[in-house]
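Student: Sequence:
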Amino acid sequence: MGISIWLMPDPAARQTLKTVISKLSEKHQSPAFEPHITLLSLPSDIVESAHPLALLGPDAEKGNGEKGYFPHRPFPVVFKRLTTGRTFFQSVLIEVDSPEKVDEEVNMLEYLSNSAYSWNGKTAPYYPHLSLYYGEPPVEVKSQIVAELKADNTVTTNNDGTLDVGGLGNGFDVTEVWVVRTEGPVEGWEVVGKLSL
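Position 147 of the sequence shown, counting from 1, maps to 863 under the numbering used here, and the rest follow consecutively.
These are calculated hints, taken from the structure and not from any lab test.
Keep in mind that a hint or two might mislead.
[To be verified] Okay, the calculated beta carbon distance ranges per label pair:
1. His788 x Pro854: 22 to 32 Å
2. Lys734 x Pro790: 32 to 42 Å
3. Val908 x Asn869: 22 to 32 Å
4. His788 x Val857: 15 to 25 Å
5. Gly877 x Glu906: 31 to 41 Å
6. Glu856 x Glu816: 31 to 41 Å
7. Gly877 x Tyr843: 15 to 25 Å
Ideal Cβ placement from N, Cα and C applies to all residues, glycine included.
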């Protein structure tokens with residue numbers, strides 16, 4: 717892939733989600749990885765000359781408190797739906813959304829995605845999600861993993877239709893943004909920059 721910008725859960729949620737991902741990884745012989753919401757991925761050659769934090773927006777790399785286009789505080793993300801995808805990195809996942817609105821039409825995740833793509837000269841549809849399992853098994857195996865997550869109450873449905881994953885309620889706060897070099901095997905991915913919100 718190249719370089720990715722990840723939205724990271726608060727520490728308690730990160731540990732809980734990491735446990736869920738690790739259990740699936742061990743049971744199904746798949747890569748373990750840090751829980752995250754990918755905001756943007758770019759080929760390495762586009763960004764190889766830039767400071768890693770420059771990807772986070774104007775002035776974010778200066779270390780002077782500027783957050784680029786990111787908010788100056790953590791913001792909430794809610795779990796919407798447990799589902800399967802068609803790619804290695806979107807095999808079993810939780811669709812997410814942000815209840816926080818930047819304006820009447822756009823929520824925080826949409827705003828950040830639009831800003832990231834605009835800043836980097838790219839446009840693409842954004843699919844906000846948090847993967848729980850990487851791999852390309854048959855559809856039946858992915859469906860089995862979803863069923864297991866529900867059967868052991870790792871993922872349950874709240875009264876308002878949102879999901880509870882691992883006892884986290886209906887989601888978590890994004891407290892950090894990571895810039896990650898996502899080349900080669902998952903185990904070799906490298907965090908090259910962090911920004912606290």
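Student: Determine for every hint whether it applies to the structure shown.
Tutor: Right, here's what the structure says about each hint:
At roughly 46 Å, the beta-carbon separation of His788 and Pro854 lies outside the given 22 to 32 Å, and the hint is violated. Take Lys734 and Pro790: their Cβ atoms lie about 18 Å apart, and the range 32 to 42 Å is violated. As the Cβ distance of Val908 to Asn869 is approximately 37 Å, the hint placing it in 22 to 32 Å is violated. Distance hint for His788 and Val857: a CB-CB separation of about 43 Å, inconsistent with the stated range 15 to 25 Å.
For the pair Gly877 and Glu906, the supplied restraint of 31 to 41 Å holds, since their beta-carbon distance comes to about 38 Å. Range check, Glu856 to Glu816: about 38 Å between beta-carbon atoms, so the 31 to 41 Å window is met. The hinted window of 15 to 25 Å between Gly877 and Tyr843 holds, with their beta carbons roughly 19 Å apart.
Hints 1, 2, 3, 4 from the list above are not met by this structure, while the remaining hints are.
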